[in-house]
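Visitor: Sequence:
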Amino acid sequence: MSKIGEIASGKTGKPVSKNNGKANSENFNDDINKSNSEPAAENIGKPYGKNFNDDINKKIGVGIVTYERKEFFTRLLDSLPENIELVVVNDGKPYPDTIFKNRNLKLIQHKRNKGVGRSKNDAMKFLLQMGCEHIFVLEDDIYIKDNSVFEDYITASKKTGLQHFNFAWHGPLNKDENGNPKPRGVAKYNDEPLLTLNEHIPGAFSYFSSDILKETGFIDPIYYNAWEHVDLTTRIAKKEAYTPFWWFADVYGSDKKIVDQDTDLKESSIRKNNFKFMLFFRIFSRYYRLKHGFIPYKTPDCGLDAVKESLINIFKKHNPESSTPSIEVELFG
Numbered sequence: 158m159s160k161i162g163e164i165a166s167g168k169t170g171k172p173v174s175k176n177n178g179k180a181n182s183e184n185f186n187d188d189i190n191k192s193n194s195e196p197a198a199e200n201i202g203k204p205y206g207k208n209f210n211d212d213i214n215k216k217i218g219v220g221i222v223t224y225e226r227k228e229f230f231t232r233l234l235d236s237l238p239e240n241i242e243l244v245v246v247n248d249g250k251p252y253p254d255t256i257f258k259n260r261n262l263k264l265i266q267h268k269r270n271k272g273v274g275r276s277k278n279d280a281m282k283f284l285l286q287m288g289c290e291h292i293f294v295l296e297d298d299i300y301i302k303d304n305s306v307f308e309d310y311i312t313a314s315k316k317t318g319l320q321h322f323n324f325a326w327h328g329p330l331n332k333d334e335n336g337n338p339k340p341r342g343v344a345k346y347n348d349e350p351l352l353t354l355n356e357h358i359p360g361a362f363s364y365f366s367s368d369i370l371k372e373t374g375f376i377d378p379i380y381y382n383a384w385e386h387v388d389l390t391t392r393i394a395k396k397e398a399y400t401p402f403w404w405f406a407d408v409y410g411s412d413k414k415i416v417d418q419d420t421d422l423k424e425s426s427i428r429k430n431n432f433k434f435m436l437f438f439r440i441f442s443r444y445y446r447l448k449h450g451f452i453p454y455k456t457p458d459c460g461l462d463a464v465k466e467s468l469i470n471i472f473k474k475h476n477p478e479s480s481t482p483s484i485e486v487e488l489f490g
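Residue numbering for the sequence shown follows our numbering, starting at 158 and increasing by one per position.
Careful, some of the hints might be misleading.
[Claimed, not checked] Dumping the calculated DSS-like pairs for lysine-lysine here, alpha-carbon to alpha-carbon at most 30 Å:
id: 1; residue 1: K473; residue 2: K448
id: 2; residue 1: K258; residue 2: K413
id: 3; residue 1: K271; residue 2: K345
id: 4; residue 1: K268; residue 2: K413
id: 5; residue 1: K263; residue 2: K413
id: 6; residue 1: K455; residue 2: K396
id: 7; residue 1: K302; residue 2: K227
id: 8; residue 1: K433; residue 2: K227
If you're looking for bench data, these hints aren't it; they were derived computationally from the structure.
Fair warning: this is a prediction, and the values are worked out from it, not measured in the lab.
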């Protein structure tokens, strides 16, 4: 199998670099299960779901991008709280009106397939126009198990300074042979675990602050169904608002609150035509190189010290009035 084929099938990873200070712990799942087994005292009785935190709610926008997966889409739609700004971008054939169940939402129906990147752009532009400060872009093959996850992402952004996150546990990458989360590390701020740092970057659930979208812009529309969200994340990282390549940040504990509907990506419409998928994979990896200097999967890894420095710099930039916390990264694997 070629190198590109291995990347596409998830059988290989980043260029290897040596890291010092690596912990021997391989018990990430035990640790995270322990932390999520009981609600924190301050959260007991807190109204989540359809009534969660109305003050934050007014600032939240959620965009769903869907393409001819009615069952997946319906499950996702039903899992969302009602009091949010919601836009649906349908890039395939129209769904029956009954599927929307009188939900208060904006429907953008494409007359022709534009691809996932342009569809996400339509969602993000609408939510910015509506004045949303916290923007979540979801693909239709996940659903929400616990709506407090939206507050988790917003809180993590405020505590760390990161302006962008990607849910790490969609598809088979970033997982062990049993399908359990396998991060590279966990970032702790004053001993509080806030982030997982992961080798791969799925794009099924992404968070953006409105500020970073205004500064960075949207997905480059030249991409078509390959590398588009990786390019946007790289551009955000260059703005000192996200972690380095191969250390993609997600919110600690997100795997308990978001459910993957397509764990092996067999229902991916993009991947069903393997020839076309691999063609786009090759073409747009070269376009990415023109922009950033490397084919994505050949981007050099950085060491642990550089990761910690990045986290510190991000915090200082986006929390200039706050004292810098102690930031440590515990490595796994």
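Visitor: Next step is simple, just say for each hint if it's right about the structure.
Guide: For each hint, the structure was consulted:
1. K473 - K448: 28 Å, holds
2. K258 - K413: Holds - the C-alpha atoms of K413 and K258 are around 27 Å apart, at most 30 Å.
3. K271 - K345: This hinted pair is violated, its Cα atoms lying about 40 Å apart.
4. K268 - K413: At roughly 37 Å apart (the allowed maximum being 30 Å), K413 and K268 break the hint.
5. K263 - K413: 29 Å, holds
6. K455 - K396: Distance of about 21 Å is within 30 Å: holds.
7. K302 - K227: Status holds; Cα separation ~19 Å.
8. K433 - K227: Distance ~23 Å between K433 and K227 Cα, so the pair holds.
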